[in-house]
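Enquirer: Below are the chains, spelled out letter by letter.
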Amino acid sequence: MRLKRVWTVTGLLVATVALGVGVASAGGASGSKQGDSILKIGWAQNPSTINPYVGQDEEAFSIWAINWDLLVNFSPKDLSPTPGIAESWDISDDKKTVTFHLDPNAKWSDGQPITSEDVKYSLEVLGSKGALFTSYTDNITSIETPNADTVVIHTKRPDARIVGGLFIYILPKHVWGKVPVGDLTGSYKPELPLVGSGPFIVTDFEPNRITKMEKNPNFRGPEPKFDEIQFIRYGNQDAAERALQVGEVDMVPEVSAAGFARLGDQPNIETLRASSPAYTQMAFNSCSTKICPDAQYNPAIQDLAVRQATAYAVDRERINQIAARDTSFEAHGMLPSFYKSFYEVPADDYPYDPEKAKQILDDAGWQDNGDSPRTKGGQELKFNLYVRSESPYDIQAAKLVAEQAKAVGIEYDVQVVSTDKLYDLTVRKVNGKPAPDYDTFIWGWGGDPYDPSFLLSVLTTGEIGGSSDSYYSNPTYDRLFKQQAGSFDTAQRKGIIQRMVALTQHDLPYLVITYDPNLEAYRTDRVANVEPTCPEDSTGDAICDQTSYEPLLTIAPGSSSGESGGGGSGIAIAVVAVVVVGVGAFFVIRARRRRDSEPLELDE
Amino acid sequence: MSALLKVSDLRVEYRGQPIVDGVDLALERGEAMGLAGESGCGKTTTALALMKLLPPALKQSGAVTLRPPGVEEPINVGRRTEAGMRRVRWRHVSLVFQGAMNSLDPVQRVDAQIAEAIRLHESAGAKEVRARIDELLTTVGLTPALGRRYAHQLSGGQRQRMMIALALACRPSLVIADEPTTALDVTIQAQVLQLLESLRERLGLALILISHDLGVLAETCDRIAIMYAGRIVETGPVSSVFEAPQHPYTKRLLDSLPVIGGPRALGDPIPGGPPDPGEMPEGCRFRPRCPYAADRCLSDPALRETSAGHASACHFAPWSEWPAAAGAGSLEAG
Amino acid sequence: MSGRWLAGKVAAALLTFAFVLVFNFFLFRVMGDPTTQLARLPQATPEELQQLRHNYGLDKPLMGQFVDYVGDTGRLDLGLSQRSRQPVWSEIKDALPWTLLLVGTGTLLATVIGSWLGVVAATRRGKRTDDGLLGFSLFTYAAPEYWIGIILILVFAVWIPIFPSGLQVTPGVQFSGFFSNAWDVAKHLVLPATAMTLMLLGQYFLIMRSSMVDVLTEDFITVKRATGLPWERVVRRHAVPNALLPLVTLSAIQFGAVVGGAITIETIFSWPGLGELSFQAINDKDFPVLEGTFLVFSAGVILANLLADCLYFYLDPRVQSR
Amino acid sequence: MNDETLMDVRELEVQFRARRGVARAVDGVSLEWRRGEVLGVVGESGSGKSTLARAMLGLVPSAAGAVELEGRAVNGKASLGELRRRVQMIFQDPYQTLNPRQRVGTIVTEPLIVQGVPRGEHEARVRRALEDVGLDPERFGGRYPYQLSGGQRQRVAIAAALVLEPEGLICDEPVSMLDASVRTQILAVLGELKRRRGLGLVFITHDLSLAWALCDRIAVMYLGRVVEQGSAPDVIERPQHPYTQALVTAVPVPSAGGGGRRELLSGELPDATAVPSGCRFHPRCPRRFGPCDRVDPPLIATGGSQLAACLLHDPALATEVQAARGD
Amino acid sequence: MSGEQAGAAVEVLAQPEFGDEPGTVRELLLGTWRGRFGLAVVALFAFMALFGKAIAPYPPDASSLDVLAPPSIHHLLGTTESGADVLSQVLVGARVSIVVGLAAAAISAVLGSTVGLVGGYFGGWTDRGLDALENWFLVIPTLPLMIVLARLLNPSLTVLIAVIGLTSWAGTGRIVRAQVLTLRERAFVERARALGAGDGYIIRKHILPNTLPLIFANTVLIVAVAILSEAALSFLGLGDPTRISWGTMLENAFESGAPSAQAWWYVIPPGLCITVLVLAISILGYLFEEHVNPRLREHG
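Chains as they are written, first to last, in our numbering: chain A, 8 to 611; chain B, 3 to 336; chain C, 27 to 348; chain D, 2 to 328; chain E, 1251 to 1550.
It cannot be assumed that every hint is accurate.
Using 30 Å as the maximum straight-line C-alpha spacing, the simulated DSSO-like pairs for lysine-lysine come out as follows [to be verified]:
no., chain 1, residue 1, chain 2, residue 2
1, C, LYS153, B, LYS54
2, A, LYS365, A, LYS347
3, C, LYS311, A, LYS440
4, A, LYS428, C, LYS311
5, A, LYS365, A, LYS413
6, C, LYS86, A, LYS428
7, E, LYS1303, A, LYS413
8, A, LYS196, C, LYS153
9, A, LYS436, C, LYS86
10, A, LYS196, C, LYS35
11, A, LYS428, A, LYS297
12, C, LYS311, A, LYS136
13, A, LYS436, C, LYS311
14, E, LYS1303, A, LYS389
15, B, LYS61, C, LYS153
Please keep in mind that the hints were generated in silico from the structure rather than gathered at the bench.
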């Protein structure tokens, strides 16, 4: 009697689960139109939000860069300024005023014209309230809109970024201007489709699942070959790479170092390694006692000989090979090779030379103590080296640095801490004055496409209390920084920047270890016409992620595009069927056999 | 008329140790037989062996033959397979256990359990079964409404009555009742014993009543068998066994039990305790505790008839006179 | 028949949940000042922090804050995710059905298979079948579920790629109908649900086995055999229903483990449920989300316990008449 | 009370909180226990006899009434301590009564330690106590309880009670879980102690035949109340309360032909939370008449040593009783 | 089994009294197949925890250019994503697992038995309060609770131990309480009370000696749970990142894409170590528990 109840309950449970499948799957059923060509991009994380006022993650930039133009876009070939919202621009003689001319026929995806009001709104509101954009507008004094097609920007000082790096998306004022600013910086959820000017606009966004972008009907450039792009979140890198391998997605824009080599060996998969505007550096505490009276560090770290010896002792290429599995680029100074217009290998490059390192230390009077750290007077070459627990690569690099430095008599004690903790250590303040509490650490920076100003700014005196974490301060460097910022002439600017690089190479507030790569993989049977450009001609990025949407216009569906992935579903069905039949047979046989079975068995 | 039940040389072993060691029994139709003994003497094991219900770890041998009325061929329990035994159980022999609380499925209504037993052995319609259950409950002195209850909703006495109703469900010719009243209070015990007696009269049941309480057996049974350490040491008509016991164990046991109306004093206790199955004494198993033990007791005594229907497994039987025991009243620990 | 027993259980569940609220409130406010968590922006000035404190009502006295907190929770206002700036509840709401699906399937399979195997083992105690099943169950019980998950991926998604190993449904596909959609979900469910099942199987097996062993030594089993009932039916009709009772109670204790398993398994298989959500929250230090998922997990476990009690009440007549 | 009185129980009440209300386990019991006397307390399960035993030693709190030791009320720590030194208790279940992790020697020594008896006396007193119960101290002193049989365990329990040389021993069903042959051994030990040491016993049992053989006086309990008391031969041979009568005739007698006519009671013992009105026995009483469901009878002298709580013996109701018999 | 119990079939199946047979632990461990297996495995891992660092063929985090290499003569269990020797990491990782397991279980045992003892013995409102607390800890999903606590604090071994210890005591408390409740009602405690023994004496002489075996058995099981918890927290990135444990190994393996790389040599050993160790400890724990808990005791 009661057993019937048990079956009733079990039945109810089964029904609940079945209903669950139905309800849950119905939720994700909004598919796309049949026959459309879709570019499926797999990545670990979706943007947490697509609201540019609060969004912070790289993935959000990837979406925005497709959805919206900048006032001036970047060329995928060399990252130089190309027309964006502005068709052309004039620079005044004093270089403090730039006049932009807009395409009078340009339209937003909803058909509204793109006007100078949109530009003014974006630069003024997004440029002051969007946390990630304020730094670009600090030089702007006023923005004029004499007519719908003209924008005039006045600056305090000449600022090359107004043309080559005004990294603020131009949003449609008629959409965003209606929303109170308080909401925009709060929980505002942008309306979909996300009205834009780029080739694709966001039509569906589920933060933890998927971002869908469809063709912008009013896009002014050539029509994209794909009808739709889907960014699919896989939660972790490995899952996205597996999805690419089985053909569930067509492209993975950020491949892990491990996956890079493996995917390269797969048929139908092409891997690309592009440089990026990011590097990983070892930072030395360079804070003078004047600026930081209460800083905590081993003063020996401020002995230039120690830093230089460290630089010689560290084999950057070996770190690249082991920690990055040879996917990164060996660094030569603090300007990544990504900025090809300004890049040059500096003269002071500290090639791997442990003998030289020892020599430098000997010369500086640091006594060799065999396996123990070198000493001089009461000082000992023993430093802490902090790394973030979140970054396996940094931890690896730190271990290798410590291993190699030990060979020349400098001991770096690797301490793995959380990002928050390391942040707190570097920005620590005592009595309102900076008091960083570290000897060295390993972390990284990433810059803007084309314009290197941000990366260069990190070492300026002005950023102490801001983004400066080495507390390096050099008046010459600061002067040169301002100079390059006002230089609109690329060749001239390159010269200034190279002098800055040389300064830092000598003083070594940072020992830049590697330039971080941008690793990509795509299926050759699904994606055709790939021209790896950004920033180089043959080994660059396939879609120029976050930098330029132009490559997206050329790539096209491949030979077998549109075939849904999830390979081996036929096999899966077969397996399930076999299992079901097998289990059924088992039960039947057992039931027969058991009919005359013995009762309760006891062990002896 | 041949015996309803005949058991010869029944043996049960657990891990090579004898628990029941050569038991012979015979039971006529309608007869009530008492099986007495202390805990661990093998009486419950014997009962379960009669229905072949022992766990496989207990190895059973010997012949058990049933001749229920209306069945031509005698049923050889020892040879029957498990499937074969299923047709014998409850149809001809049923069982009443001591803990009625644990003898009924706690999550099934009691009438359903009775119905299950009936349907198992007879093809009866739902109405028929229902009527039969009501009749059974009335027979054991319960109102039919109590059938709708669960075991825990019944009192101890009601549960035991319910168990008896279950035992009668298929109208068996033999009921084995294993300590049916041990967990009950004396006043309730009296009710249940009364019920068993009247049922026996009305239905012509044969009964094997297992108990450690000689008083219960004396009042309920026609014949009695006394078990000690896996063997039957004495068997005979109740009157004969109680009046003139022929085995020292029976004798000493009866002497030591205080009886209302008897002398207001404690009898001499039997010293020591029963042996472990692994350490059975040589020869007569009661020898170490027996005040009359002699050299000849080192050989196994057989169960011999001393008078009509009365047998004893003592070398010295028949006893006409019991001498004063040596070493009586010893306080030595058992 | 009285529902007092059940009413007591409901009251206890409510009390436990109240305790969860208090704990949650103090944990996230006392152990970590939310403003420092909320404003990990380097630029935040003291004024902005003050403003933030005000926005979150943190300048009120603690008791007032608690009342606000309880009220907000009652309205399912669990605050905003730091990461996405979206209401935490909306993220939880999206994730919840998937977790229920995974956990439901896993629990159901584990219960059915586990208890069935437990019955098989208990009726063959000491035999080779029993030893084998016991060894297998102990192994799955001891093995970390995420390790099993990784191995499943290794074998069935990479080595012999027959099952998808990530997400809950093939992304961005237009399904022709409900059933093709459900079939796709089912395919994606295979590996995570297997991991979940294997994780839970052992416990259910062990509980059912020992419960059956206990029941099989009860007198009424002997009585049922004595009535001539075939062994099969004694087991099925009498032993199993009785043995299921402790299973119900003891499996309630399992729910906590189920939730733990949901976190790791969903992470491994990118299953977009609550577990994965809380894993992301761990990584992002998104405390409002972490707090919210913890609250929902706790509520879920309390509710599941209550359901188990109801089930027990339904199955065991002894409780009903108390 | 007189000089002979060891303990006096007056109007003792013990209540428990049960699921269905308050159970009056002991409901106004008065008893006198004399020095060197074996006082039997007889009753079925649920009659409150074990609770009475515990209440006598202050192991369960009493709701009302008093326990006196030699005329002095036991209240407060000092008098309770004295009581517990002079009166010991033995429990029913020999498997529960000994700490499994203590050796026999330790168990028997424990009372001496607890009561602060000088260390030097320990060994001799433990030896004597063990010998008194028939256990060889050399053989048994080092054993653990699991190495003992049920009878031996109960002997150890008695030894542990004896070691303090008490004047009284309260035995709560000391042999009900033992086999017949072992049971008489233990009873013999107790009888011997009474004879040799002049130990007074309260013997709590459900078995009337044991009470018959062992006790000097008997009190019969029903549902928390003493319904009859008197000397053992009087109560059992000439029971005056219908309940006692039923109880006596219900005991099966191990002799040829069994006992005589049985007086069968209907129904079962009611729950202690729902005591019937009037005479608490009336729903089951075969001789109930008119006022039984209304009047709660006190203990009435019925001649000789006996008292019975039954209206049949109320002289004021004699005519009505007569009339009821006439029916 | 004593003679009195070997008689009838039902009596054969009857359980002897609980805890009444002390002193057979040796027999328990060496006399049964399960005991020998559990003991051998635990001994093996204890050896690893003590000497793993010494016998490891390589420094556990020594990197090499040989990344994710399958097992070979040089690396018996292959290499990690940074070219470190998997075998060495497995050997060294034993220490963290075992240290965390033991330390957390110790905390949990002390907490749980104190709460259980106090609540169970004294009863009343103390008990009700402690019982509610226990109930809460029992009902609350443990892993999320651990995650929340570990995330709020900074990752370190101490935090890990504290978090696991503080969240896993409730079961012990519950079991101890139940045991104390039955002990409190047992005749020998009542007897001691009848003698006039005080609470302290009764707890010391009667309650504790009869509870300790149970606490011990339960603590053994908690060690297994703590090892699993450490692994799970480490796997979720909440472990101590400066130390190699099997959990962090699995985290690194998963994060570095070992499943896709089919690097079974990286995935299987740490998980197998956890499984086998937990299995062995659980078997020992069940063995002890069966021994001290009558309900679980089986024959053979």
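Enquirer: Now tell me, hint by hint, if it's right for this structure.
Expert: Hint check:
1. C:LYS153 to B:LYS54: Satisfied, since the Cα-Cα distance of roughly 22 Å is no more than 30 Å.
2. A:LYS365 to A:LYS347: violated, 34 Å
3. C:LYS311 to A:LYS440: Roughly 28 Å between the alpha carbons, so the hint for LYS311 of chain C and LYS440 of chain A holds.
4. A:LYS428 to C:LYS311: holds, 13 Å
5. A:LYS365 to A:LYS413: holds, 11 Å
6. C:LYS86 to A:LYS428: Holds, at about 29 Å.
7. E:LYS1303 to A:LYS413: Holds, because 21 Å separates the two Cα atoms, which is no more than 30 Å.
8. A:LYS196 to C:LYS153: violated, 63 Å
9. A:LYS436 to C:LYS86: holds, 28 Å
10. A:LYS196 to C:LYS35: Outside the cut-off at roughly 42 Å; violated.
11. A:LYS428 to A:LYS297: holds, 25 Å
12. C:LYS311 to A:LYS136: holds, 24 Å
13. A:LYS436 to C:LYS311: Given that 30 Å is the threshold and the Cα spacing comes to 23 Å, the pair holds.
14. E:LYS1303 to A:LYS389: With a Cα-Cα distance of about 24 Å, the restraint between LYS1303 of chain E and LYS389 of chain A holds, given a limit of 30 Å.
15. B:LYS61 to C:LYS153: holds, 18 Å
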